[in-house]
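Asker: Below are the chains, spelled out letter by letter.
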Amino acid sequence: MKIDHKLIEKYHLGQCSPTEQFLVEEWLLDDTLESEPLSISITKKTKLETDIWAELSSHIDQSGVPTIAPAKKYNFTYTGIAASIVLLLCFGFYQFSQDAEKTAAIFDNGTSAGLKYINQNSYNIILGKNARAEINTDTGEFKTSGNMMFIPKKNFAFSFFGTDKKKELKHGETYFVLKPQKNGKQVIISKSELTFLAPTIQHELKIQFNII
Amino acid sequence: MLSNRFTLFLSLLLLHLVISCRTEDEGRNTDGKYSLYTMNKDLGNTIITSNTIDSGNLTISKNGIDIPTQQFDRSIIAKDKHFYFLRAGKFRKYTLESNGLKEIAQLAMQDQHIENINWLDRDTLLLFTSDNKTNRRLWVYKITVNDFKINQQQEVKLPSASADFKILSVGFGTIHQQQLLIGYTFNKVINETDFTTIDTMYIATLDKKTLQLENIQKDTRSSYPGGVNTVQSYSFHDENGNFYFMSCPGIALGNSPSKPTAIFRIDNNSPHINPTYFLNLTAKTHNHAYGMWYLGNNQAIIRSERRDRYTDFSDHHSTYQFEYYVVDLISQTTTKLNLPFDKGTRKESVLVENGKAYITIDDAKDQHQVWIYDIKSKDIQVGLTLDQATDFIVRIDRLH
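Protein chains in written order, with this note's numbering: chain R, 6 to 217; chain E, 5 to 404.
No lab work stands behind these hints, which were simulated from the structure alone.
Here the structure is a predicted model, which is why all the values come from computation and not from measurement.
Any given hint could be a false lead.
To be verified - Simulated crosslink set (SDA-like; lysine to any residue; CA at most 25 Å straight-line):
#	chain 1	residue 1	chain 2	residue 2
1	R	196	E	47
2	E	369	E	59
3	R	187	E	367
4	R	158	E	46
5	R	159	R	123
6	R	49	R	63
7	E	213	E	141
8	E	83	R	197
9	R	148	R	192
10	E	106	R	177
11	E	161	E	275
12	E	192	R	207
13	R	184	E	196
14	E	146	E	84
15	E	213	E	181
16	R	170	E	312
17	E	94	R	207
18	R	190	E	311
19	R	175	E	77
20	E	137	R	28
21	E	137	E	161
22	R	211	E	76
23	E	137	R	151
24	E	340	E	275
25	E	360	E	381
26	R	196	E	367
27	R	187	E	193
28	R	148	R	89
29	R	175	E	46
30	E	45	R	206
31	R	15	R	49
32	E	222	E	299
33	E	161	E	128
34	R	184	R	138
35	E	45	R	123
36	E	192	R	199
37	E	137	R	148
38	R	190	E	319
Throw the hints in and build the complete structure from the sequences for me.
Answerer: Put into structure tokens, the structure is as follows:
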């Protein structure tokens, strides 16, 4: 779905569907730059370049006047260093505790028949009805019941029940983590692999996750 | 000085940004006679076109045109230098450019998806669509693609078969004996990963012009009379006007695996399924199959799975298991072709032309090749090869 001014306006008016709301929030939080190339003609481009160069040339020959910083009257060096160290330590501990909180997490949608959208620093997850996920990004453990969509914000290697090797989940791709099969085996497929499932199941998952 | 140099640096950077880079287009043929749709290891999709598929090597990075997976998938229709796809409520027409597909026309088709298509001639396309919400209703669209107009659009009301089986699957829609025949069945969802199909195949006969329903035939010898044919082919008319279709009750389509995969015939002089013709493929190969392409002279190729090689639906597509058989439709013999195991559930992997069948195979050696089967001499050779950035060649089409 493309985020445009209409969708953002809808978002501010509170008229978005949960999926749209989620997508807008994800877009707002996303700090990667996606810009279209400038649509200007060659002539305009050349003129723009010449103008910038003309503006630049007028400054290039000016010699800079060296500035001398006035000597400080009071020497707070040691106090400053100590304060910085304390500040850094506090910040470090804060960050550490934040990260520690996020590496292992449990999400539960047991009480809801609708979808539950969760936005974490390193991934988004959309829980289907009665779904539950235990995720540890440190150890790579990923335990689930029910169906969910998982959208990594960086590359992860996760181990799933029933397989001995870790599966690489890629940033930028959407994954379906489906409820464990009768043999306990976890099923995880990327959105592009959805096409290989039977059409009836593809359709059912699209309806459940509101992605038609 | 420092600040000036810094300004200069910033300005040069700005200049560099203003004069934006153009993509490298060399090598990306947009006008080849054949097109291959690939799903790649980096999870991207590409279309590669080439004037020959008999030999040569092409690479995804140099020759592939990126197809955004948020917008398209391998069910894209390729015909006469154009591509067609139903997306976001509109049936759209595209041309292929070196930087992607360029939309040139669109038709509103709100909340629907394509179940099946049939080209009546080079300009006329029949679409059989169902609604996204219930997947139970059926519409027929007649579209002329050159001026891109809907000439007929009608809902066909098919009676329910059972209260449990609420989902419609269309297996084929074809003009036979001046009537429109629609093969279909019904599915039941058990949960998000399990479903099954009713034990009957249905064929509706409709007036070709008014699309009025005239009668419905039932056949219980198998179920699921073919699948979505924009993904894979399951039926054809032979030179004499006999219509053949295959049933697909295996786990990849009907998931009613106790029924056999079989080929059925509607004779050229009758609107009814021939009750005595029954080519039971499962009895011959001890497996289910999906996909059938006509070679001419009463021979067809089928793509058959290997039950002993995959576990369940989750590894069905990633397992090297698919075998290709040549089937004699009259003598009912099956001959396995000497080809490596292929992977990928349902693929439009066969193109028949000039006495040859071009078969795309993604094999266990991570080779992604077009294999050429000479129908007369039965020789098999390797043709065009793609590089290992490819994961699956999911379709091969003649583009013009």
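Asker: Each of the hints needs a verdict: does it hold here or not?
Answerer: Hints versus structure:
1. R:196 with E:47: Distance ~9 Å between residue 196 of chain R and residue 47 of chain E Cα, so the pair holds.
2. E:369 with E:59: Holds: residue 369 of chain E and residue 59 of chain E sit about 19 Å apart, inside 25 Å.
3. R:187 with E:367: Given that 25 Å is the threshold and the Cα spacing comes to 30 Å, the pair is violated.
4. R:158 with E:46: 16 Å, holds
5. R:159 with R:123: Satisfied, since the Cα-Cα distance of roughly 16 Å is no more than 25 Å.
6. R:49 with R:63: 21 Å, holds
7. E:213 with E:141: 20 Å, holds
8. E:83 with R:197: 23 Å, holds
9. R:148 with R:192: Roughly 11 Å separates the two Cα atoms, so the pair holds.
10. E:106 with R:177: The given pair, whose Cα atoms are some 23 Å apart, holds under the 25 Å limit.
11. E:161 with E:275: Between residue 161 of chain E and residue 275 of chain E the Cα gap is close to 20 Å, so the pair holds against 25 Å.
12. E:192 with R:207: 13 Å, holds
13. R:184 with E:196: 8 Å, holds
14. E:146 with E:84: Status holds; Cα separation ~18 Å.
15. E:213 with E:181: Holds: residue 213 of chain E and residue 181 of chain E sit about 13 Å apart, inside 25 Å.
16. R:170 with E:312: 22 Å, holds
17. E:94 with R:207: OK: residue 94 of chain E and residue 207 of chain R at ~20 Å, within 25 Å.
18. R:190 with E:311: 18 Å, holds
19. R:175 with E:77: Measuring from Cα to Cα gives roughly 19 Å; hence the hint holds.
20. E:137 with R:28: 22 Å, holds
21. E:137 with E:161: 16 Å, holds
22. R:211 with E:76: 15 Å, holds
23. E:137 with R:151: 22 Å, holds
24. E:340 with E:275: Cα-Cα ~32 Å, so violated.
25. E:360 with E:381: This hinted pair holds, its Cα atoms lying about 10 Å apart.
26. R:196 with E:367: Holds. Residue 196 of chain R to residue 367 of chain E sits at ~23 Å (cutoff 25 Å).
27. R:187 with E:193: 17 Å, holds
28. R:148 with R:89: Since the Cα atoms of residue 148 of chain R and residue 89 of chain R sit roughly 42 Å apart, the hinted pair is violated (cutoff 25 Å).
29. R:175 with E:46: 9 Å, holds
30. E:45 with R:206: 24 Å, holds
31. R:15 with R:49: At roughly 36 Å apart (the allowed maximum being 25 Å), residue 49 of chain R and residue 15 of chain R break the hint.
32. E:222 with E:299: Violated - the C-alpha atoms of residue 299 of chain E and residue 222 of chain E are around 28 Å apart, more than 25 Å.
33. E:161 with E:128: 23 Å, holds
34. R:184 with R:138: 11 Å, holds
35. E:45 with R:123: The given pair, whose Cα atoms are some 28 Å apart, is violated under the 25 Å limit.
36. E:192 with R:199: Holds, at about 19 Å.
37. E:137 with R:148: At roughly 31 Å apart (the allowed maximum being 25 Å), residue 148 of chain R and residue 137 of chain E break the hint.
38. R:190 with E:319: 11 Å, holds
When held up to the earlier numbered hints, the structure conflicts with 3, 24, 28, 31, 32, 35, 37 and fits the remainder.
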